[in-house]
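There are 2 protein chains.
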Amino acid sequence: VESRNVEGFLKAAEELHYADLAAVFENLDDEERSFFTAHISIDRFPEILAELPDTLIEETLERFDAKAQQDILGQLLDDDRADILQDVSAEARQRYLALLQPEDMEATRSLMRYDEDTAGGRMTTQVARITSDMTVKQVLEVLRDDINSTESLARIYVVDDQGHLMGKVRLRHLTFSPWDTPITEIMQEVDITILATADQEEAAQMFSKYDMTVLPVVDEFNHLLGIITHDDVLEILEEESTEDIEKMSGIAGETSEETYLNTSIGTHFKRRFPWLFVLAVLAISSGYVMLRFEHVLSSIFLLALYLPMVVAAGGNTGGQAATMVIRAMSLGELEPGSTFKVILKELSLGLLLGLIMGASIAAITIFILPAFNPQLPEGISYTIFALAVSVSLAVQIAVSTLSGALLPIGARAIKLDPAVVAAPAITTLVDIFGMVIYFTAARTILGL
Amino acid sequence: VESRNVEGFLKAAEELHYADLAAVFENLDDEERSFFTAHISIDRFPEILAELPDTLIEETLERFDAKAQQDILGQLLDDDRADILQDVSAEARQRYLALLQPEDMEATRSLMRYDEDTAGGRMTTQVARITSDMTVKQVLEVLRDDINSTESLARIYVVDDQGHLMGKVRLRHLTFSPWDTPITEIMQEVDITILATADQEEAAQMFSKYDMTVLPVVDEFNHLLGIITHDDVLEILEEESTEDIEKMSGIAGETSEETYLNTSIGTHFKRRFPWLFVLAVLAISSGYVMLRFEHVLSSIFLLALYLPMVVAAGGNTGGQAATMVIRAMSLGELEPGSTFKVILKELSLGLLLGLIMGASIAAITIFILPAFNPQLPEGISYTIFALAVSVSLAVQIAVSTLSGALLPIGARAIKLDPAVVAAPAITTLVDIFGMVIYFTAARTILGL
Numbered sequence: 001v002e003s004r005n006v007e008g009f010l011k012a013a014e015e016l017h018y019a020d021l022a023a024v025f026e027n028l029d030d031e032e033r034s035f036f037t038a039h040i041s042i043d044r045f046p047e048i049l050a051e052l053p054d055t056l057i058e059e060t061l062e063r064f065d066a067k068a069q070q071d072i073l074g075q076l077l078d079d080d081r082a083d084i085l086q087d088v089s090a091e092a093r094q095r096y097l098a099l100l101q102p103e104d105m106e107a108t109r110s111l112m113r114y115d116e117d118t119a120g121g122r123m124t125t126q127v128a129r130i131t132s133d134m135t136v137k138q139v140l141e142v143l144r145d146d147i148n149s150t151e152s153l154a155r156i157y158v159v160d161d162q163g164h165l166m167g168k169v170r171l172r173h174l175t176f177s178p179w180d181t182p183i184t185e186i187m188q189e190v191d192i193t194i195l196a197t198a199d200q201e202e203a204a205q206m207f208s209k210y211d212m213t214v215l216p217v218v219d220e221f222n223h224l225l226g227i228i229t230h231d232d233v234l235e236i237l238e239e240e241s242t243e244d245i246e247k248m249s250g251i252a253g254e255t256s257e258e259t260y261l262n263t264s265i266g267t268h269f270k271r272r273f274p275w276l277f278v279l280a281v282l283a284i285s286s287g288y289v290m291l292r293f294e295h296v297l298s299s300i301f302l303l304a305l306y307l308p309m310v311v312a313a314g315g316n317t318g319g320q321a322a323t324m325v326i327r328a329m330s331l332g333e334l335e336p337g338s339t340f341k342v343i344l345k346e347l348s349l350g351l352l353l354g355l356i357m358g359a360s361i362a363a364i365t366i367f368i369l370p371a372f373n374p375q376l377p378e379g380i381s382y383t384i385f386a387l388a389v390s391v392s393l394a395v396q397i398a399v400s401t402l403s404g405a406l407l408p409i410g411a412r413a414i415k416l417d418p419a420v421v422a423a424p425a426i427t428t429l430v431d432i433f434g435m436v437i438y439f440t441a442a443r444t445i446l447g448l
Numbered sequence: 001v002e003s004r005n006v007e008g009f010l011k012a013a014e015e016l017h018y019a020d021l022a023a024v025f026e027n028l029d030d031e032e033r034s035f036f037t038a039h040i041s042i043d044r045f046p047e048i049l050a051e052l053p054d055t056l057i058e059e060t061l062e063r064f065d066a067k068a069q070q071d072i073l074g075q076l077l078d079d080d081r082a083d084i085l086q087d088v089s090a091e092a093r094q095r096y097l098a099l100l101q102p103e104d105m106e107a108t109r110s111l112m113r114y115d116e117d118t119a120g121g122r123m124t125t126q127v128a129r130i131t132s133d134m135t136v137k138q139v140l141e142v143l144r145d146d147i148n149s150t151e152s153l154a155r156i157y158v159v160d161d162q163g164h165l166m167g168k169v170r171l172r173h174l175t176f177s178p179w180d181t182p183i184t185e186i187m188q189e190v191d192i193t194i195l196a197t198a199d200q201e202e203a204a205q206m207f208s209k210y211d212m213t214v215l216p217v218v219d220e221f222n223h224l225l226g227i228i229t230h231d232d233v234l235e236i237l238e239e240e241s242t243e244d245i246e247k248m249s250g251i252a253g254e255t256s257e258e259t260y261l262n263t264s265i266g267t268h269f270k271r272r273f274p275w276l277f278v279l280a281v282l283a284i285s286s287g288y289v290m291l292r293f294e295h296v297l298s299s300i301f302l303l304a305l306y307l308p309m310v311v312a313a314g315g316n317t318g319g320q321a322a323t324m325v326i327r328a329m330s331l332g333e334l335e336p337g338s339t340f341k342v343i344l345k346e347l348s349l350g351l352l353l354g355l356i357m358g359a360s361i362a363a364i365t366i367f368i369l370p371a372f373n374p375q376l377p378e379g380i381s382y383t384i385f386a387l388a389v390s391v392s393l394a395v396q397i398a399v400s401t402l403s404g405a406l407l408p409i410g411a412r413a414i415k416l417d418p419a420v421v422a423a424p425a426i427t428t429l430v431d432i433f434g435m436v437i438y439f440t441a442a443r444t445i446l447g448l
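Each protein sequence line maps, in turn, to chains B and G. If you count the first sequence from 1, position 62 lands on 62 in my numbering, and the numbers rise without skipping. If you count the second sequence from 1, position 19 lands on 19 in my numbering, and the numbers rise without skipping.
Just chain B, with the same shape it has in the complex:
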């Protein structure tokens, strides 16, 4: 594009996959994008548009005149079209909708009724529908027209005259059955469907649990509304994993569809600042605990040597426990009824980890520390000092492990996303516990 070598560029573009073309387009500057839209065949834009990040869509469509916009929007798959129209300004949405054919407009409007992150918001309504009174020959005649317009012919659905889902037929059974076979003979039962209002994550979990290719979406009366296909599910899984991972690191806001490098500094800042600020203010509580225990630390300043370790061990074990529990929840492994089992498991683990870590640190303190000849006040032996450190470490680890497991469960119980209470929030919280535990144990065991 840069060298304005029109022919070379167009030739290369012709051979590129639309996903690659979209990536190229995203990385161009304004002038280069104008060149791109002016020279690439308009037939390729529906697919390119569907791959672009939300924020680029309206800008890109506005590079075309109304006639071209009509062509592009008309050629889009209806689920992609609904997604795109949900991402543009209200004014543009009205204008684009008015350009559509009446049946496309209706289908798009009905898809837009569902939230983007529900099964209904993800589905396509372009699905092959037949009735059970047909023969194989009749079905093939009906489907012949759909050969290019139906996103998936891998499953063909049988509906009654009110649109209720009756069963499914596989293309291979149509292909290999005599033409006069009644559909009822090769029709199979549909075991698994999803409600249009269900969360997209549920759809993804069903796909991966049941190894599905196509998942039919129905309303509460079992009317077939559309299907979710495997490429929708890949997108859902990627979105949900990224969202979980980001939330678990204290990054706020919607997962961006733009790549890391194309996201502006401002957007990065807006997503990172809020938790950072809240956690910093909370962390002052840890400092306050330290201030209150000034006399303990002043009497044996050597306690400072282990303070960061005890505090940090809590953050690490709490974070591990939270991660295990949050991941198990998002894979659908933890029913709300299993809370007690989780508590039992993490409490045992916390005690086990605490005991072994405590014993290791005690051994290091007793056998290695004296070699550095540090200052301990009269009457306090290395053994009793090691005991104080180890006991507080063990208690801190046990408390943190349990907190790490309980916080996400508690968050879910009050309908918060478990991922937001992960590592950073837990670390900040158990830092405060850690200070209290450490200084209290030191004061009690060392008699300060």
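Hints in this document: simulated from the structure, not taken from any laboratory. One or more of the hints may lead you astray.
For identical chains, the list gives no copy identity; a pair is met inside one copy or between any two copies.
[As the list claims (entries may be wrong)] DSSO-like, lysine-lysine: derived pairs with alpha carbons at most 27 Å apart:
1) K11 with K209
2) K341 with K270
3) K415 with K137
4) K415 with K209
Model the placement of chain G on the given structure of chain B, informed by the hints.
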């Protein structure tokens, strides 16, 4: 199962999906499992077995006699069979291989040559192959026998007589073309293939980038070896995300195929202890820094109020930066060449976050702290104290953000998995920096 209500149980089991049956089986005790294997139809076990976690497979197969083992292994899809044989003991593997039909044995052996986490290890060799000199009628005759044995008829591949991949044909085009159409007329080009030795993550990335249903796997001479289907990709994505998330929380070892609740305390312990121990020992360095700066802290103990905040803010910003970079890497967004852009972005962000956080904390210190009437030594005003705290906070945030971004990039450069240097490792490291930065700033600015 528990009530030994054989008929009721068998009836319920008949209607259950194999994935649900596998989940039921996993949660049974030994005696109940014997009952299960004795009563459930043997035809259902191939699919159930493929869904069970690795550790249960051999135990479950050994509940059957050799004849039944032969039936079950023979009915398995060949990619599932190879996976299963890779998960049993060497002795059992030889015994099971000997039970197979010669052609199954050969296919299984050739699949087992590839690592489980490569494209070759994931593929199935059961794919429809035809040659380009056939007509639609001939192809349909050949495929009729494959109707149940081929994992996916959605794509049918055209190969030459040496097995080189020539093109693909869609079932729908076979179905809707006249019988005498030559295959060359409806054959389409295959743009995208993957090498059998490529990492499974690469296969998953290609699937989601190019919206594929089936990805052909080839060797370096473009011989068609097999295909990867969408259900393989869902498994890969789930595995890889779980692995990333766990590594990012300092959890070591292979991602378990067993559910959280079914994983033993011992296994949980083994996966959590190593990092915990290493990080605890490293955290003693932070304590050592604190010991060395005893005089600074003793002169103005009020510094303790902000110490945990400055240290923790580094962990939080470092963790956020690392998460963004690691996720961008695993989505394939960051080429090795873009390191400089990442540095520039994170440095700007670190400075911006540091300045704004520093200014906020300075404001809190100057306007709110005096109300609590804390002890500051003669000659040190709230303003200069606030300056010391803010400067160290800003520097700590800038340094941590940059470290958080650079560590994963560095890890990748030396062929380590970037995810292992995430949050816990970075937190421990920037804790040490934080102590040094805080006390150095305090000493310099407050003249201690």
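Which of the stated hints cannot be reconciled with the structure, identified by number in ascending sequence?
3
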